[in-house]
Amino acid sequence: MTVLAQLIAVTATMVAGGILFWFLGKNPFEVIRIIFWDPLFDENLSSYARPQLLVKAAPLILIALGLSLGFRAGIWNIGAEGQFIIGAIFGAGAGLAFYPAESAIIFPLMVFAGALGGFLWAMIPAILKTRFNTNEILVSLLLVYVAELILASMSLGLMRNPEGSGFPGSRNFRSYPSAHNAELIANTGIHWGVITTVFALAVACVLLQRHMLGYQIRLAGQAARAARFSGVNPAGLVIICLGISGSAAGLAGMFEVSGPSGQISIDFNAGYGFTAIIVAFLGRLNPIGIMFAGLLLALTYIGGELASLRLGLPSAAIQVFQGMFLFFMLATDVLVTFCLRWRSRMAI
Amino acid sequence: MTDFPILALLAGMIVAATPILLAGIGELVVEKAGVLNLGVEGMMIVGAICGFAVAYETQSVTLGYLGAAMGGAALALVFGVLTQFLMTNQVATGLALTLTGLGVAALIGQPYIGIRGTTVGAVPLGPMREIPVLGPVLFRHDAMVYISILIVACVWYVLRFTRAGLVLRAIGENHHAAHALGCKVIVTRLAAIVFGGVCAGLGGAYLSLVRVPQWAEGMTAGAGWIALALVVFAGWRAWGVLVGACLFGGLTALQLFLQAAGVAVLGEYLSMIPYVMTIVALVIISSGRVRAAPCAPASLGLPFTAAT
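So the sequences go chain by chain: A and B.
In terms of this note's numbering, the first sequence opens at residue 1 and continues consecutively.
In terms of this note's numbering, the second sequence opens at residue 1 and continues consecutively.
In isolation and in its complexed conformation, chain A is listed as follows (with noise of 0.2 angstroms):
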């Protein structure tokens, strides 16, 4: 039934998908062709799509991972995006704090760094959570407006580029190899980032099947006050769930920046802590769907941009359409959960 309710939503995406690009004026089956087909099967396109595919999923998989675990347990870490901006400019800044020195210590110390980040900033909301009894999705949410501020801050001031002539935006990690998360294998996408994932989806897989954490996380999402009475702590389920999140988050950022992004800029971040929430609920809050549904939304992103350029589609249309993927993903799930039958009105 879960795999007849995704066919169901998968394709009642692509029609209501291809109204909404038809609407727009384009050909909705040629729009369809070049966002999911193109990019992976077109002779002169994958080469250059195929390893942007695993760029664009590592860091919604790592995040959307992360995520999941605290959304299985009824907690709402909500600002993933927030922690992947401090993240990213903890990173930043411990690899820039060493330029130009060149050793072999400075890119983990800015992997540290950068988990350190993603960490203490979702710990702002844990730890409110959990002495203050306050809301964590409004604050989590919250703290991403005040990470977005604090990335213009540094943008334009403390991490300037002192020879970038005036320009907001830090040094470059590009012309810094040592703190440089560059391709590890040419032409594959693969960087330090696709790795990490990697071995996020297997731990998060004997996480949630064999370890008493990952049993204590679905007990308390199924049933609150039986995990209660079983011994598990709610509080530091919320300081465990939120500080994994935010370290997978931060991880996300500080690999973003220092390889495909290249640079601390304003908008460096390019809305993945949000469309990680997506991901995590598409694929159900399951690390092996979490992976599927990462690689898709990945190519989404790039489908998009190649029928923004081929097409002049607008790019926010792009963001309608995985929107409207995770309704109907959510609406299906109707037929997961429920057994729905056809039969007269109950007599009142």
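Because the hints were derived from the structure by calculation, they are not lab data.
Source: prediction; values computed, not measured.
Glycine residues also receive a C-beta, built at the ideal position from the N, C-alpha and C atoms.
Treat the hints loosely; a few may be bogus.
Using C-beta positions, here's what the derived DEER-type ranges look like [unchecked claim]:
{"id": "1", "chain 1": "B", "residue 1": "A177", "chain 2": "A", "residue 2": "H211", "range": "37 to 45 angstroms"}
{"id": "2", "chain 1": "B", "residue 1": "A180", "chain 2": "A", "residue 2": "V336", "range": "33 to 41 angstroms"}
{"id": "3", "chain 1": "A", "residue 1": "F167", "chain 2": "B", "residue 2": "G121", "range": "38 to 46 angstroms"}
{"id": "4", "chain 1": "B", "residue 1": "V276", "chain 2": "A", "residue 2": "P108", "range": "29 to 37 angstroms"}
{"id": "5", "chain 1": "B", "residue 1": "G288", "chain 2": "A", "residue 2": "L213", "range": "26 to 34 angstroms"}
{"id": "6", "chain 1": "A", "residue 1": "P314", "chain 2": "B", "residue 2": "T62", "range": "24 to 32 angstroms"}
{"id": "7", "chain 1": "B", "residue 1": "C154", "chain 2": "A", "residue 2": "I19", "range": "37 to 45 angstroms"}
{"id": "8", "chain 1": "A", "residue 1": "D267", "chain 2": "B", "residue 2": "Y269", "range": "13 to 21 angstroms"}
{"id": "9", "chain 1": "B", "residue 1": "V280", "chain 2": "A", "residue 2": "D267", "range": "22 to 30 angstroms"}
{"id": "10", "chain 1": "B", "residue 1": "A74", "chain 2": "A", "residue 2": "G25", "range": "16 to 24 angstroms"}
From the structure, some residues in chain B lie toward chain A, with a derived Cβ separation under 10 angstroms [what the hints assert, rightly or not]:
{"id": "11", "residue": "F85"}
{"id": "12", "residue": "T93"}
{"id": "13", "residue": "L95"}
{"id": "14", "residue": "T100"}
{"id": "15", "residue": "P213"}
{"id": "16", "residue": "E217"}
{"id": "17", "residue": "V232"}
{"id": "18", "residue": "V283"}
{"id": "19", "residue": "F304"}
{"id": "20", "residue": "T305"}
For chain A, the structure is supplied; the task is to place chain B on it using the hints.
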């Protein structure tokens, strides 16, 4: 406006408070009915662009507000159908609504970027405009300011003194008991959700028609989330939303004033004030140390099926 910056500041406070007041009072009704709609930000931004686009095309502000209300209601209806009939998770659906709303608004808004909107005149209140101090602060605004206060009064009255309000509150507190008494849980909740959408849409339109008045992508900049926090801050009381909105509106006006005055702090740090203060207010309210302890509706965010 006047020579006194303090009066201009207070008048600015009211203008800054109106959008979050509208969105907040709508969300209050939704939450009182036991539904948590996290899509306020999405409904606001769709309201902002619908209001701007309709007002620009028809050159009528009234029609603009009407379009904004319909845009917000349409989005809210999607949320309502999903959560009430298809039993989806309210948190996830609300987030989806916000993310989709931002996309929809950006899509509709493309041709309107950089266009200056129509000017909205103040309500001619005659001699009241000339009252010293009160005149410039309270009586020189556009109609929506007064309508929003009227909406708050109506919500307060209906929730507190009418049968419909009692039914709505009962459904929010315990939907099974209300259902057993014969109240229409799903219909009432749908109505509340649509009302929330209308209010959020109007709040968004106030941003794009009066406060800014222009269309820019992502122009709500978290106002919807501040409105959500406002409901908690108000302890789910209608007049509390008004007080809270004035407080946050005041902070926003103060921050804009300080930026304009060129205070020697980086503008980014001043812009953080509304968000940080919202968090501080949430902490103070939810820590339970204040007497006005919050009382969230008991069925808030829980799914309801008549079958169970």
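Now the hints, each set against the structure:
1. B:A177 <-> A:H211: 37 to 45 angstroms: holds, 41 angstroms
2. B:A180 <-> A:V336: 33 to 41 angstroms: At roughly 29 angstroms between Cβ atoms, V336 (chain A) and A180 (chain B) fall outside 33 to 41 angstroms, so the hint is violated.
3. A:F167 <-> B:G121: 38 to 46 angstroms: With Cβ atoms ~43 angstroms apart, the hint holds.
4. B:V276 <-> A:P108: 29 to 37 angstroms: With Cβ atoms ~33 angstroms apart, the hint holds.
5. B:G288 <-> A:L213: 26 to 34 angstroms: Distance hint for G288 (chain B), L213 (chain A) holds at roughly 30 angstroms.
6. A:P314 <-> B:T62: 24 to 32 angstroms: holds, 29 angstroms
7. B:C154 <-> A:I19: 37 to 45 angstroms: At roughly 38 angstroms between Cβ atoms, I19 (chain A) and C154 (chain B) fall inside 37 to 45 angstroms, so the hint holds.
8. A:D267 <-> B:Y269: 13 to 21 angstroms: For Y269 (chain B) against D267 (chain A), whose Cβ atoms are near 19 angstroms apart, the range 13 to 21 angstroms holds.
9. B:V280 <-> A:D267: 22 to 30 angstroms: holds, 28 angstroms
10. B:A74 <-> A:G25: 16 to 24 angstroms: For G25 (chain A) against A74 (chain B), whose Cβ atoms are near 22 angstroms apart, the range 16 to 24 angstroms holds.
11. F85: holds, 8 angstroms
12. T93: holds, 6 angstroms
13. L95: Check passed: Cβ of L95 (chain B) comes within 6 angstroms of chain A, closer than 10 angstroms.
14. T100: holds, 3 angstroms
15. P213: violated, 22 angstroms
16. E217: holds, 8 angstroms
17. V232: holds, 6 angstroms
18. V283: holds, 5 angstroms
19. F304: violated, 13 angstroms
20. T305: holds, 8 angstroms
Checked against the numbered hints above, the structure breaks hints 2, 15, 19 and satisfies the rest.
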